[in-house]
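Number of protein chains: 6
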Amino acid sequence: MPMPDLKRAPLGERLQDPLLVLEVERKTFGDKDCTVLTLGNSTGRLATAPFWGADQLTVAGIARSDVVQVIGEVDQFRGKRQLKVTSIRALPKESVDRRQLLPSVGDVSGYWKTLDGWRAEIRGPRLAAVLALFYDDDDFRRRYEECPASLAGHHAELGGLLKHTCEVASIAKQISRVCRANWDLVLAGALLHDIGKLESYRWDGAFEYTDCGSLMGHVVLGSLMLERRVAPIVPAPCTEHELMLLQHLILSHHGKLEFGAPVQPMTLEAEVLHYADNASAKTASMADVLGDGDGFTPDSMVSRPDWRIDRRRGYRGASDWGREPGT
Amino acid sequence: MPMPDLKRAPLGERLQDPLLVLEVERKTFGDKDCTVLTLGNSTGRLATAPFWGADQLTVAGIARSDVVQVIGEVDQFRGKRQLKVTSIRALPKESVDRRQLLPSVGDVSGYWKTLDGWRAEIRGPRLAAVLALFYDDDDFRRRYEECPASLAGHHAELGGLLKHTCEVASIAKQISRVCRANWDLVLAGALLHDIGKLESYRWDGAFEYTDCGSLMGHVVLGSLMLERRVAPIVPAPCTEHELMLLQHLILSHHGKLEFGAPVQPMTLEAEVLHYADNASAKTASMADVLGDGDGFTPDSMVSRPDWRIDRRRGYRGASDWGREPGT
Amino acid sequence: MPMPDLKRAPLGERLQDPLLVLEVERKTFGDKDCTVLTLGNSTGRLATAPFWGADQLTVAGIARSDVVQVIGEVDQFRGKRQLKVTSIRALPKESVDRRQLLPSVGDVSGYWKTLDGWRAEIRGPRLAAVLALFYDDDDFRRRYEECPASLAGHHAELGGLLKHTCEVASIAKQISRVCRANWDLVLAGALLHDIGKLESYRWDGAFEYTDCGSLMGHVVLGSLMLERRVAPIVPAPCTEHELMLLQHLILSHHGKLEFGAPVQPMTLEAEVLHYADNASAKTASMADVLGDGDGFTPDSMVSRPDWRIDRRRGYRGASDWGREPGT
Amino acid sequence: MPMPDLKRAPLGERLQDPLLVLEVERKTFGDKDCTVLTLGNSTGRLATAPFWGADQLTVAGIARSDVVQVIGEVDQFRGKRQLKVTSIRALPKESVDRRQLLPSVGDVSGYWKTLDGWRAEIRGPRLAAVLALFYDDDDFRRRYEECPASLAGHHAELGGLLKHTCEVASIAKQISRVCRANWDLVLAGALLHDIGKLESYRWDGAFEYTDCGSLMGHVVLGSLMLERRVAPIVPAPCTEHELMLLQHLILSHHGKLEFGAPVQPMTLEAEVLHYADNASAKTASMADVLGDGDGFTPDSMVSRPDWRIDRRRGYRGASDWGREPGT
Amino acid sequence: MPMPDLKRAPLGERLQDPLLVLEVERKTFGDKDCTVLTLGNSTGRLATAPFWGADQLTVAGIARSDVVQVIGEVDQFRGKRQLKVTSIRALPKESVDRRQLLPSVGDVSGYWKTLDGWRAEIRGPRLAAVLALFYDDDDFRRRYEECPASLAGHHAELGGLLKHTCEVASIAKQISRVCRANWDLVLAGALLHDIGKLESYRWDGAFEYTDCGSLMGHVVLGSLMLERRVAPIVPAPCTEHELMLLQHLILSHHGKLEFGAPVQPMTLEAEVLHYADNASAKTASMADVLGDGDGFTPDSMVSRPDWRIDRRRGYRGASDWGREPGT
Amino acid sequence: MPMPDLKRAPLGERLQDPLLVLEVERKTFGDKDCTVLTLGNSTGRLATAPFWGADQLTVAGIARSDVVQVIGEVDQFRGKRQLKVTSIRALPKESVDRRQLLPSVGDVSGYWKTLDGWRAEIRGPRLAAVLALFYDDDDFRRRYEECPASLAGHHAELGGLLKHTCEVASIAKQISRVCRANWDLVLAGALLHDIGKLESYRWDGAFEYTDCGSLMGHVVLGSLMLERRVAPIVPAPCTEHELMLLQHLILSHHGKLEFGAPVQPMTLEAEVLHYADNASAKTASMADVLGDGDGFTPDSMVSRPDWRIDRRRGYRGASDWGREPGT
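Going line by line, the protein sequences match chains A, B, C, D, E and F. The first sequence lines up with residues 1 to 327 when you count with the working numbering. The second sequence lines up with residues 1 to 327 when you count with the working numbering. The third sequence lines up with residues 1 to 327 when you count with the working numbering. The fourth sequence lines up with residues 1 to 327 when you count with the working numbering. The fifth sequence lines up with residues 1 to 327 when you count with the working numbering. The sixth sequence lines up with residues 1 to 327 when you count with the working numbering.
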C-alpha cells in the first residue's frame with residue numbers, strides 16, 4: 001500500500017497508516033489544555049487536531065520519535081489542514097522501518113553510481129586506497145546513504161548527505177576544470193569533507209545532534225574518523241604528507257574561522273572544495289525557501305525573512321520570456 | 001619577431017624590443033638618487049638596473065604608460081634578474097599597439113564560441129533579444145574582449161573579463177543543474193553581471209579606474225548601461241518585470257552589502273550567479289598566489305600572507321599519490 | 001464633518017466614520033477563534049473588540065487596505081481602549097480618498113515654498129535645469145508630496161518624504177556653511193537622494209514595498225530615475241561629468257557599504273548630505289520613541305529597547321532648569 | 001615683521017625667522033647618516049635639507065618642540081621644496097611665544113561672540129549657571145581658546161576646539177529646530193562635550209596626549225571636570241537629576257560603545273549632539289583631504305586612501321554648472 | 001520559623017509565609033483573563049496558580065516589589081509546581097525586611113574577613129588610605145555587602161557584588177603571581193572596579209537599574225565616586241598620578257570599547273584585573289546555566305541556547321573517571 | 001665558561017663565543033650593499049655591524065639557524081649597540097647544543113615538580129591513566145619541556161610551553177575553586193590543551209611552523225595526538241564518553257570560533273580552561289611589552305601600539321604609594 005501524501009492529501013481523505021511522531025506539544029489556553037501531535041512520513045508532515053481535556057489520555061504514552069498507527073481524516077481549521085484522529089496507538093519500534101517515515105531523497109543508487117564512477121577514474125593509487133577505506137566499506141555506505149546533510153537546513157532528509165556530496169563533487173569538478181585544480185584530490189575532498197556528520201547526527205527518530213556532534217563538531221569528527229581508519233593499516237595506504245593534505249581539505253572546508261573551520265583553505269583544492277560546498281548548500285536553501293508556500297503571504301511575491309537564507313527574503317516572481325510552449 | 005619572454009629570459013640574453021612602461025620610480029639613497037623603470041610586455045614584467053645621477057637624464061622624459069624601444073641585457077643583482085639598459089627611447093604612441101605589451105589571456109575566440117553557443121540555445125526570445133543588444137554589437141564585443149576583470153587581482157589581463165565571464169557561466173551552469181535554477185536566466189546574469197567594468201576600467205596604458213568607476217562603481221554602472229540600452233528600443237525588447245529580474249542579477253551579484261551589493265540575492269538565479277562569480281574569482285586568485293614564486297621564501301612550502309587571498313597563506317606542497325607516469 | 005481623533009477619543013465616544021483597514025488578524029484561543037481589525041485614519045489607529053465565532057461572518061469579506069464605514073463606540077478592555085463595532089461595511093474604493101485615512105504630515109505647502117525658494121537661488125543654470133526636470137514636473141510633485149519617507153520608521157506618513165527632504169536640506173545648509181561645501185550642489189543632493197522611494201514604496205493602501213523596491217532598492221532606483229529623465233533631453237541639460245557628480249550624491253548617501261550604499265562618499269558635498277540625512281532620520285526616530293507612551297512601563301523613565309533606535313532605550317526625564325513660566 | 005608663509009614661499013626666498021621644531025629625524029643610508037628637521041610656524045611646515053656627517057653637530061642639541069632662529073633659503077630637491085639652512089640656533093624658551101609658531105585658526109573673538117550670544121539666551125537659570133562655571137572663568141577661556149580639537153585629525157590647530165565647538169553648536173541648532181529638541185540643553189551639550197580635551201592634550205610644543213588623556217580618555221575626563229566644578233558649590237547650581245542629564249550628554253556623544261562612548265544616547269538632545277559632532281568632525285576631515293594636494297598624484301582627480309576619512313578616497317573634480325562669473 | 005524552600009518544596013506542602021512579589025502578569029485567553037503572580041524569597045521563586053475572572057479582585061491591589069502574606073499549598077499543573085493560594089494580603093512595607101525575601105549569597109562575613117585581611121597587608125600607605133575611604137566606611141560596607149553583581153546575570157543576588165569582588169581578587173592574586181604584577185595595586189583594582197554598581201542598581205524591591213545607572217553606566221559612576229571621595233580630603237590621600245592609575249583600573253576593566261570600557265587596559269595590573277573579572281563572571285554564568293534544570297529538555301545532556309552564556313549551549317554530562325567513592 | 005649576556009654586554013666587551021644565527025639580512029643602500037647578521041644565545045640577541053662590499057664573502061656561506069664561532073667587540077652606532085666582528089666561522093651542527101643558544105626559561109625542574117605533584121593528587125584513576133600516556137612518557141617530556149608556547153608572542157622561548165602550562169594550571173586551579181569546577185578535569189585540560197604545539201612548531205633552529213602546524217593548526221593536532229595515544233591501548237584507559245570530554249577541552253580552549261576554536265566551551269571545566277589560558281597568555285604579552293624598552297620613545301611613559309597586545313599601547317608609569325623601602 002502506498003504511503004499517503006501528507007503535503008497534498010485533500011480534505012476528507014481517510015488515513016489508516018503508520019506515521020512517525022515528530023513533535024509532541026502540550027498547550028494551555030486559559031484553564032483548558034490540549035495536546036497536539038505533529039506526524040510525518042517521507043512525503044511530509046501534518047498536525048493533528050488538538051486532543052482536549054481527558055482525550056489527552058489517548059496520547060499520554062506517545063513520545064517524540066515513536067511510530068503510531070493512526071486512523072483519521074483530513075480536516076481543516078481556519079483554512080489550515082489538520083488530521084482529525086479517530087484512533088491512534090504506538091507500534092512496537094521494530095515493527096516498522098522508521099526510515100520510511102522520514103523525509104528522504106528517495107532512491108540513492110544514481111548517486112552511488114556517479115560517485116563510484118568518478119572514484120574509478122582516480123589515477124593515484126594511494127588516493128584511491130584511502131577513499132576505498134570508506135567507500136568500499138559496506139557498513140560505511142549503509143550509514144552514509146541514510147545520513148541527512150543537516151538537521152533542518154539544506155538537504156535535511158534521509159540520503160541528503162549523499163545527494164549533497166554528489167552535488168558538491170559535480171560543481172567542484174567544473175570549478176576544477178576552470179582553475180586547473182587537481183580534480184582527483186578535489187573529489188577526495190568532496191567525498192571526505194562531511195564524513196564527520198555520520199557521528200554528529202542521529203536519524204533513528206527525528207533528526208538530532210549526538211553529544212559528540214555538539215562537543216566536537218562534524219569538522220573535527222571527520223578528521224578523527226580519517227585518522228582512525230588510516231592509522232591501523234600496515235603498510236600505510238598513503239604517506240603522512242598525503243594524509244595531511246586530506247586532513248587540510250576536511251578541516252578547511254568551512255572556509256573561515258567564524259564558520260567553524262579550524263584552519264582556512266591554503267591549497268587550490270581546498271579553495272575549490274569550499275566554494276563548491278557553499279554553492280550546493282546555499283542554493284539548496286534558497287530553492288527550499290522559494291518552494292515553501294508557507295513563507296509567503298498569499299498575495300505577495302516576496303517572502304518573509306527566512307533563517308535558512310540568513311534572514312534574507314526570497315522573490316518568487318518569474319517569467320517565460322516569451323518562450324514558446326514546449327520548448 | 002617574437003616577443004621576449006620577460007618572466008623567463010636567462011641571464012645574458014640580449015633584448016631589443018618595444019616595452020611598455022608600467023612604473024617610473026625615483027628613489028633616494030642618502031644624497032644619491034636614481035630612477036628605476038618597470039617595463040612589461042604581454043609575457044610579464046622586468047625592472048631595469050637603476051639609472052644613477054646624471055644618467056637619469058636618459059629617462060627624464062619617460063612616463064608611465066609610454067612605450068619605449070629598449071636595447072639591453074638581462075643581468076642580475078643579488079640574485080634578482082634586472083635589465084641593464086644600453087639604450088632607451090620613447091616611441092610615438094601610434095607606432096605600437098600597446099595592447100600587445102599588456103598581460104593578456106591570448107586568443108579569445110574560444111571564449112566567444114562558447115558564450116555565443118550558449119546564447120544560441122536560449123529559449124526565451126525576449127531574453128535572447130536583451131542579450132543581443134550587447135552581445136551582437138560589434139563595438140561592445142571589441143571592448144568586452146579586451147577589458148580586464150580587475151586591475152590587479154583575479155584575471156587582471158587583457159581579455160580577463162571575457163575569460164572570467166566564461167568561467168562564471170560554466171560553473172553557474174553546473175550549479176543550475178544541481179539546484180534546478182533557470183539556466184537561461186543564469187546565463188543572462190553571467191553575461192551581464194560585470195558589463196559595468198567596461199566603464200569602470202581603463203586599459204589603454206596601465207590598468208586604472210575611470211572617475212566614474214570610482215564614483216559610481218561597476219555594479220551600478222552595469223545597471224545603468226542595461227537601462228540605457230533597453231530604454232530607447234521601441235517596442236521594448238522585454239517587459240518591465242523581466243528587466244527588473246535582470247537588474248536584480250546585476251545588482252545582487254556581490255552577495256552582501258558589505259561587498260558592495262546594493263541588494264542581496266532574492267532569486268535562485270541570483271544566488272547561483274553570486275556563488276559562481278565567487279568561485280571563479282577566488283580560485284583564480286589562489287592559483288595566482290600558488291603560481292607566484294615571489295610569494296615564497298626559497299625553502300618554504302608556505303607563502304607569505306597575500307592580499308589576493310585576504311591575507312591568507314598558500315601551501316604549494318603536492319603529491320602524485322603514487323600515480324604512474326603518463327596516466 | 002471633522003475626522004475623529006483615534007489617538008485621543010474618550011471612552012463612550014460614538015464613531016460613525018470611514019476608516020482604513022490597516023490589519024486583519026485572526027486569532028485562536030483554545031477552540032475559540034476571533035477576528036480583530038486594526039482601523040486607522042490620519043489621526044492614528046485603534047483596534048476593534050474581537051469578533052467572536054459566527055460574528056466573524058460580519059467581517060469575512062474585509063481585507064487589508066479596504067475602507068470601511070463603521071458605527072461603534074469607544075470601549076475599553078483591561079485598560080486599553082478598543083472600538084466596539086455595531087455596524088461595519090466596506091465602501092467602494094472610489095467613494096473615499098484613502099489618503100485622508102493614512103497618517104499624514106498635513107499641509108505640505110510650506111515645505112514646497114521652502115524648497116522652491118532654495119531652488120530659485122541656485123546659480124548654476126545646468127544644475128537648476130536638472131532639478132527642474134523633476135521639481136517642475138507636476139506629476140512628480142503630486143507623487144513626491146504624498147510619498148512616506150519609510151514604511152514604519154522615521155517620517156512614515158503621507159508627505160513624510162517631502163518633510164524629510166526639507167529637513168535634510170535645512171540641516172545640510174548649515175553644515176555646508178560650516179565646512180564651506182558647495183551649497184547649491186548639496187541642495188541638489190538633498191532633492192535627489194531619495195527620489196527612488198517613489199518607485200520603492202506603495203501608499204495606496206497600507207504602506208508597502210513594491211517588488212522593484214525589494215529587488216533593486218531605492219538608492220539604485222533613484223539613480224536609474226535620474227538617468228531616465230536626463231538621457232532623452234537634447235541637448236543634454238548638463239555635462240556627463242556633472243551628471244556623474246549627481247549620481248555620486250544619490251549612490252553614496254547611505255555612507256557605508258553595509259548600510260546599502262554601493263559607493264562611499266568621496267566629495268565634500270556627498271559627505272555633508274550623508275550626515276544631514278542621518279541627522280534628520282535618526283533624531284526623528286528618537287523623538288518618535290520618546291513620544292510613544294506604549295514604549296514605557298507606567299512608572300519608568302526608561303523605555304524598553306526599541307528597534308527604531310537600533311535596540312537602544314530612550315529616557316524621557318527632563319527638567320525646566322528653573323526656567324520662569326512663560327519664558 | 002610678518003611671518004614667512006612656509007606653504008607657499010617660492011624657491012630662492014630667504015628666511016630669517018624663528019621656527020618651531022616639529023620633528024627631528026635621524027636617518028641612515030648605508031654607512032652615511034644625516035639629520036633632517038621639520039620646522040613649522042602658524043602658516044605650515046617645511047623640512048630642512050639633510051645635515052650630513054659632521055654637519056650634524058650643528059643640530060646636535062636641538063630637540064622636538066624647541067624654537068630655533070634659522071637663516072636659510074628655500075631650495076628644492078627632486079621637485080620638493082626644502083629649506084637649505086645657513087645658520088640655526090635654539091632660542092630660550094621664553095623669548096618667543098611658541099603658540100605663534102603652531103597652526104592656528106587665527107582670531108577667535110568671533111567664535112566667543114557667537115557662543116556667548118547663544119549662552120545669553122538660555123532661559124533656564126540653573127543651566128546657565130552650570131555653563132558659567134566654565135565659560136565665565138577666564139582661566140578656562142584662556143585654555144579653551146587655545147586647545148586643538150584633535151592631535152592630527154580634524155581641527156588640529158590652536159583654537160580648533162573652540163571653532164569645532166561653534167560648528168557643532170550651529171549645526172545642532174538647526175537639527176534641534178527640525179526635531180524639536182530642547183535647544184538650550186543641546187547648546188549646553190555642545191559647550192561641555194569636549195571639555196575633557198583640555199586635560200587630554202598638550203599644545204605647549206607639538207600637539208601630544210597627556211598621560212591622563214591616554215589612560216582615561218577625554219570623554220571621561222570631561223565628565224570628571226564637570227563633577228569637580230559643580231560638587232564644591234553650595235548651594236548646588238543645579239539638581240542632581242539635571243547634572244545627570246548633562247553628564248549623559250558628555251558621556252554619550254561618541255554615539256556607540258565601539259567609538260569610545262561608555263553609554264549610548266538615550267535622550268533627544270544627546271542624539272542631536274552626537275550627529276552634530278559627527279557632522280562637524282567628518283566634513284572637516286573630508287575638506288582637509290580634498291584640500292591637501294599631497295594626497296593626489298599630479299594627474300589624478302582621485303586621492304590616495306586617507307586615514308583621516310577612514311581609508312576612503314576623495315574626489316576633487318568639480319563643476320561651475322554653467323554659472324555666470326561673478327554670481 | 002525557617003523560610004520555606006521554594007525551589008524544593010514538595011507537592012502538598014502548606015505555606016504560610018511572607019513572600020516578595022517579583023512579577024505580576026495579566027494574561028488573556030480568548031475572552032477569559034487571569035492574573036499570575038511570581039513570588040519569591042531568598043531560596044528561590046514560585047508562580048501562583050492563575051487567579052481567574054472575579055478572583056482577580058483578590059490580587060487587584062498587589063504590585064511588583066510588594067511583600068505579601070500568603071497561605072497556600074504547593075500544587076502542580078501539567079507537571080510544573082505552582083502555589084495554590086488560599087489567602088493573600090499585602091503587608092506594610094516596613095513590617096518585613098524585604099532583603100530576606102530576595103536571593104542572597106547568605107552570610108557575608110567570610111568575604112569581609114578575606115578582603116580585609118588582604119587589605120591589611122598592603123604595603124603602600126597611600127594605597128591603603130584610598131581604599132580605606134570606602135572600605136572603612138560603615139555606610140559603604142552596609143550597602144556594598146547587599147548589592148547584587150548584576151540584575152539577572154552572574155551573582156544576581158544580595159551580597160553578589162561582595163562575593164564577586166572576593167572571587168575577582170582571589171583569581172587576580174594568582175594571575176599576579178604568575179605574571180609578576182603588583183598585587184597590592186591589583187587588589188585595589190578588584191576592590192574599586194565595580195563600586196559604581198552601588199549607584200547603578202536598586203535592590204529595595206526587585207533588582208532594577210537606577211536612572212543614573214542607565215544614563216551613565218556603572219563604569220563611569222565608579223570613576224566619579226572615586227573622584228568624589230578623594231577630592232575633598234586635605235591633604236590628598238594620594239598623588240594625582242596615583243589617582244590616575246586607580247581610575248585607569250576602573251575605566252578599563254571591561255577590556256574593550258565594545259564592552260563598555262571607555263579605555264582599554266594599558267598597565268599590567270589593569271590587564272590582570274580585566275581577565276580576573278571575566279573569569280569570575282563568565283564561569284559563574286556557565287555554572288548557573290548547567291545548574292538550571294529548566295534549560296534542558298528532560299532527556300538531553302545539552303541545554304538550549306542560553307543568553308547568559310552568549311547563546312551558547314551547556315553540556316551537563318560528567319564522569320567520575322573510576323574514582324573510588326569517598327576519595 | 002659562562003655565556004656572554006647579549007642584552008647587557010657593555011661597550012668594548014670582547015666576545016669569543018658560539019652564537020646562533022637568527023637572521024641573515026642583505027640590504028642595499030644605493031649602489032652599495034651589505035649583510036647584517038642577527039646573532040643570539042639564550043640571554044638575548046645582538047646584530048653585527050654591517051659587512052660591506054667584498055667583506056660579505058666572509059659570511060657568504062652562513063645561513064639562518066647555523067651556529068657560528070665569533071670573535072668581536074661590542075661597539076655602537078648612533079647609540080645602538082652592535083657587534084663588530086673580527087672573525088666568524090660556522091661550526092659543525094653537532095659540535096654545539098643549539099638549544100643553549102635559544103631564549104629559554106632556564107631550569108624547568110620546578111615546573112615539572114609542580115605539575116607532577118598535581119597529577120599525583122588526581123582521584124579518578126582513568127583520568128590519571130590518560131594523562132600518564134603523555135606525562136609518564138620520557139620522550140614526550142623531553143620534547144614538551146623544550147617546546148616554546150608561541151613563535152614570537154607569549155612565552156616564545158625554550159621551555160615556554162611548559163611554563164605556560166604551569167601558569168594556566170595554577171590560575172585555573174584558583175578559578176575552579178571559585179566556581180566549583182572539577183579541578184582534576186580542569187588540570188587534565190591544562191595539561192592537554194596545547195600538546196598539539198609539539199607537532200606545530202620546530203625549534204631546532206629559529207622557531208618556525210611545521211607544515212602540518214600551518215595546514216591543521218595546533219588545536220586539531222592536539223586532538224589527533226590524544227586520539228592516537230588512546231586508541232591502540234587495550235583495554236581502553238577511559239570510556240568513550242570520557243575521551244569526548246577531554247577532546248572538548250582541547251577543541252574549545254580558544255573560546256570562540258573566530259579565534260580558531262572549532263567548538264565553543266560547553267562545560268564548566270572548558271570555560272575555566274579558556275579563561276585561564278587567556279589570562280596566562282595575555283598578561284605575559286602585556287608584561288613583555290612593558291619590559292621592552294624599544295617600544296617606548298625615550299621620554300614617554302606610553303608605548304607605541306604593539307601587535308603583541310592587539311595594537312594597544314602600554315603605560316609604564318608606576319608608583320610606590322609611599323611604601324617604606326624594604327617592605
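Derived by calculation from the structure, the hints in this document are not laboratory data. Any given hint could be a false lead.
[Claimed, not checked] Simulated restraints, written as ranges between beta carbons of each label pair:
1) B:R180 with A:R229: 42 to 50 Å
2) C:P232 with B:P125: 39 to 47 Å
3) F:R311 with C:V36: 34 to 42 Å
4) A:R229 with E:G44: 48 to 56 Å
[Said to hold, decoys possible] Which chain E residues stay away from chain A? Per the calculated CB distances, all over 10 Å, these:
5) P92
6) E258
7) V302
8) Y315
9) G317
10) G322
Glycine residues also receive a C-beta, built at the ideal position from the N, C-alpha and C atoms.
Quick check: which numbered hints come out false for this structure?
Structure breaks hints 1, 2, 3, 7, 8 and 9.
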